[in-house]
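Peer 1: Letter by letter, the chains look like this.
There are 2 protein chains.
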Amino acid sequence: MSIHQLFYPRGVAIVGSMTVGKLGYELMKQVLEGGYSSVYAVNPKSQGAFSVAGFQRILDIPSPIDMAVIASPADSIMEVLEDCHEAGVQAAVIITSGFSEVGNNVGEDSIRLRAREFGIRIVGPNCAGIVCGGAHLYATLESRPPVGNVALISQSGALGGAVLSWAEEQGIGISKFVSYGNRADLDEVDLLPYLAEDDETRVVALYIESVRDGRNFMRAVSKFCMKKPLVIIKSGRTKSGTKAALSHTGSMAGSDGVYDTAIKQCGAIRVETIEEMFDVCKGFSMLPAVKGRKVVIVTNSGGPGILTADKAESSGLHVSTPSEPFNLSLRHSLPQNCGLNNPIDLTVQGTEKSYRQVLEEALQEFDCAIAINVATPYLDSVALARGIADASESSSKPIAASFMAGRIVKESIEYLTSRRIPNFATGERAAFVLSKMASYSERRVELIVSEIDSHASIELPKERLIEPEIMAWLRKNNFPVLPYRHARSLEEACQSALEIGFPLVMKVVSPDILHKSDVGGVILGIPNANEVQAAYERLQVSMEGKRNEGVILYPTVSKSLELILGGSRDPQFGPVVLLGMGGIYTEILHDVVMRVAPFHSDEAIKMVTELRAFPLLQGVRGQPGIDLDQLARLVARLGDILCQYPQIREIDINPLFASSSGFAIGDARMILADLGKENDDSV
Amino acid sequence: MSIHQLFYPRGVAIVGSMTVGKLGYELMKQVLEGGYSSVYAVNPKSQGAFSVAGFQRILDIPSPIDMAVIASPADSIMEVLEDCHEAGVQAAVIITSGFSEVGNNVGEDSIRLRAREFGIRIVGPNCAGIVCGGAHLYATLESRPPVGNVALISQSGALGGAVLSWAEEQGIGISKFVSYGNRADLDEVDLLPYLAEDDETRVVALYIESVRDGRNFMRAVSKFCMKKPLVIIKSGRTKSGTKAALSHTGSMAGSDGVYDTAIKQCGAIRVETIEEMFDVCKGFSMLPAVKGRKVVIVTNSGGPGILTADKAESSGLHVSTPSEPFNLSLRHSLPQNCGLNNPIDLTVQGTEKSYRQVLEEALQEFDCAIAINVATPYLDSVALARGIADASESSSKPIAASFMAGRIVKESIEYLTSRRIPNFATGERAAFVLSKMASYSERRVELIVSEIDSHASIELPKERLIEPEIMAWLRKNNFPVLPYRHARSLEEACQSALEIGFPLVMKVVSPDILHKSDVGGVILGIPNANEVQAAYERLQVSMEGKRNEGVILYPTVSKSLELILGGSRDPQFGPVVLLGMGGIYTEILHDVVMRVAPFHSDEAIKMVTELRAFPLLQGVRGQPGIDLDQLARLVARLGDILCQYPQIREIDINPLFASSSGFAIGDARMILADLGKENDDSV
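Each protein sequence line maps, in turn, to chains X and V.
Here my numbering is used: the first residue of the first sequence is 17, the next is one more, and so on.
Here my numbering is used: the first residue of the second sequence is 17, the next is one more, and so on.
Simulated from the structure, these hints should not be mistaken for lab results.
Be careful, since some hints might not be right.
You can't tell identical chains apart in this list, so a pair holds if it fits in one copy or across any two.
[As the list claims (entries may be wrong)] BS3-like, lysine-lysine: derived pairs with alpha carbons at most 27 angstroms apart:
id	residue 1	residue 2
1	307	622
2	280	492
3	38	369
4	45	61
5	575	38
6	307	492
7	239	45
8	61	492
9	239	575
10	310	61
11	61	622
12	45	426
13	562	310
14	575	61
15	426	38
16	244	622
17	239	38
18	492	243
19	244	369
20	38	492
21	622	575
22	562	280
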């Protein structure tokens, strides 16, 4: 089946009771009222409705039926599927509930398997149905939204329904709607490729609570975002404990933070509320692409202008000052009491002509504009709307409007909409939308989710690893490690100390000691050869009763920044790399960033710049910065390593010393999947 | 005059042309249409309008006139004021523009002085007028809002007007509205005391761009907030450079950060957008106080419930798990597929009865509730609204509703409103409102802005200070300083070094050297007596050509946290204290908090807990924390010191070493106002 038949079926059978008030009846009513007529009723009593003929079985329908909308009881579904198969039905939208959402996984699995066997694609069960505006097909119990170019995919039927009800008043038209409920079969991964090619769809909004397979999801999303924008709202942010997730590589797995990373990494836009979703969709639906962050704000009231500028700046747009020539021209053309900086305040004297002229001229040097009109009952807002729309037409750049407020701007907002200028309740919301649109334009290039090249489990010892082995392995894989020495006797320790130099650090090596510091297993700042023996002996004591593999010695590192670099496996998204500022600041201030691996080093550069402490890495107060390219290569390489060695469950490089002279790993621990046990631990 | 006469005048004169389309005419139309009838027209031609009599001068009006609304040309105002005086008019609302907003400060000053002389209070000039719903008085050109219990004071006329236009559709009624424009006289400081006592007003919304006198503002706001909630929207957040402000004590002056601190310190609620303002006002306007942060979310759709829970948590509410008995009771009464944790998901089967029962029972253990209804066309939402309203009535606790979406919930939202249940577009917005209301309840106690007790400029040397003098002065004022030694010769330095102990720190002392590190004027880690002479001599070299006041020696401090503690004078709010995590982390991560001084040490405790790095101060990873009470006392004491010594323009204590064993100041600099010059500088 192609998805096209789901949205444009030659005929539709509604399977379920046609008694007034029953789901089947309501569905039939909706479908007919929506304007789709090749529809037939199917139920054991051959009951029809609204002068639509009823049949006992789908097989009995004399016309071709591509799609069945099923609302009959859960225990009848298997039989209905048999009939669908025999009748050549390609797709079934199963509204009926009572499956995995109430623990009936067996029932759902049977449906899935049987449908697969028959080659029938399924939406649902336990879903709110589908809509295709172009086909006038409203196979759903939810409100019928106006037709437009926004497609909506929702895991939650009720939320999807709310969005449909709201669409009209929010100025949004719907091209396609799919509520996939329990997703026994179809979900966004299957639907996005179709919508990418769908001429009726310009932007997709997606509501998810979880994904089925993280990497498939990323592939589908990134491919889609190469062609069209995707706005995602994912619930469950705090529940999954973002904070806990960020502080520790191990616990980041499965967290909302990984979802967040994955969504952004694929070039999709994550929003937090339904209103943001509407706003952003409206922007994409109506405006040309926002190709830059320089925004000009033109207003007839100072206050809302400033509030908008605040929000624009904090959203990452640049409210830059007009150029000297533009400023000069403004000074010539506008009354004296106008504000000539950005926001440009035309004051209450702003006219159709001044809005048009100022916006036209501004958009020669700015990337986009926000036009604010704080209306008063005694001013003609439609004229201002005309000036704005004219300016938008003569420029190829986007203008978002905020006409305030209430009834007095109703007519002018309708006029704006008719000329493809989206209006937002406040200038702040317009600013938010333009910034998200700018992000989309920036991210649109090179969104290839690298595939995992798991070539082998070679090289990595199968047995448990102790710190010197991990360090050796890291070095072998071209990671810079501190010059260390592994000593199994006092003599070796003394010799190693001389080779390392003073002051030095000495630590226990024992597969049984997870937290070296806790048992006094770490001695810092050993100043000279005389102290080596005492230190060695103290460490021997701390290993009593434990397997003793000697000690490891490192030079003391000073004047370096400490980073952490970690990797783990998310149950949904697979290998994930985490980079952060080391030490307690990671734990307390959560200054960490993540990426789903593998990724290129230019993506790693982005990670580095996203750290709040990025200025530190660049160098502050005259201190030289670190080599950001080299750091990015290290970060990307850890991602590759995680893909190559599937048996690494978790790796923590902490600290990674970083200074202008280079990088060096000062400690690392690793957990292997097979052993399922920690092999070594950081101090 | 009492402000009461402004809102409830015995008679109103509208001064200005009554020719159709002129401001005077439009004002007359508004006032009459609003239902106020004791109104008279005044203009040189004695022109009347709408069968209202016209007079040449106010004096000619035969009835008592308490208030004049003036829209006559700017150059006529002085004369009109004379007439007002003679006619016994108490208050003048000057709509006319053309004063300080276009640089005509002279004109505005004359008006202010003359009005003061006459004892006439002024609103404006360049304002949008006033509204008093109770008096049916709409002396404004803006839309007439419905009457309610929200008062609005706006510095911007246009923004105020937009809010009035919007009020009805946002479910807000207005008790009083004042647009004070250029505030030649009255502003929020004068109006708040009246509104605090006004039975018609339950909550005040205030839009400001700046304040006239920060400390007066704080006094008025904190006094008001003891009685009623105040919601403030202040524009100009990014413009004034919050980031820059946070990184350095000196630049924090006049910044938006100080406004933010001052607003919160007084117990007012700052919001960022007009929509937030509406939402929060609606909550206060309709709901009982929110006395606690435990919120229960009851929904009939999972998705919006989770989104709401996310927002509630991130806003500081606690989405706690139902108690065991409540959970048990839920399990008995609800169908199996309902979600019994918080959010409680009644699913699409949720009924009037289940909403009522669950909410009633929940509010026995929760502090407030959010009731979500994702409506579908085939469900009766009004019945659900009734269940919710009943539960709210039988409990004394607040319930906020979010009925979604669009036309299909219009009727039920009206029903909710009639029963004083505010409805919000999304559950997220309801959560935001409840959290702000909870904050208000928490802050409502003990909001006394301490007055500055500037008893003298004693003790502080009048001349420029060098580091040892600053340290001595700090010690005298009971601040803990590191044991330092000031040495003016090599012999003194050697002797001091022995007293201090090794390793030690030696720094130059010269009033001419601002940045000691830059000239090599700081030597760290001097390990033993042998190195003292070399260090001393190196420092001598770095002072060549500068005034040489010797060197200062400190012990080396290790294993301490470094804080910064600073004070400066804001041009609006006066002395401000800043506390932050020291070092580059202050600059990069901006982890600093502020308070307007003076304040009690319990306020200082709050500052400490607001630091993102607060967990560090409490102690992490088994390390003991610092004495938070002692830190709070130090912070509060710096505030007191700033008030006592007005000549201190700026003081920077950096670092303030902090560990479990106590506190010690490691460096400090001070700028005195009279000298206007930096006296010493940190390393």
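Peer 1: Could you tell me which of the numbered hints above are not met by this structure, giving the numbers in increasing order?
Peer 2: Hints 2, 5, 6, 7, 8, 9, 10, 11, 13, 14, 17, 18, 19, 20, 22 not satisfied by this model.
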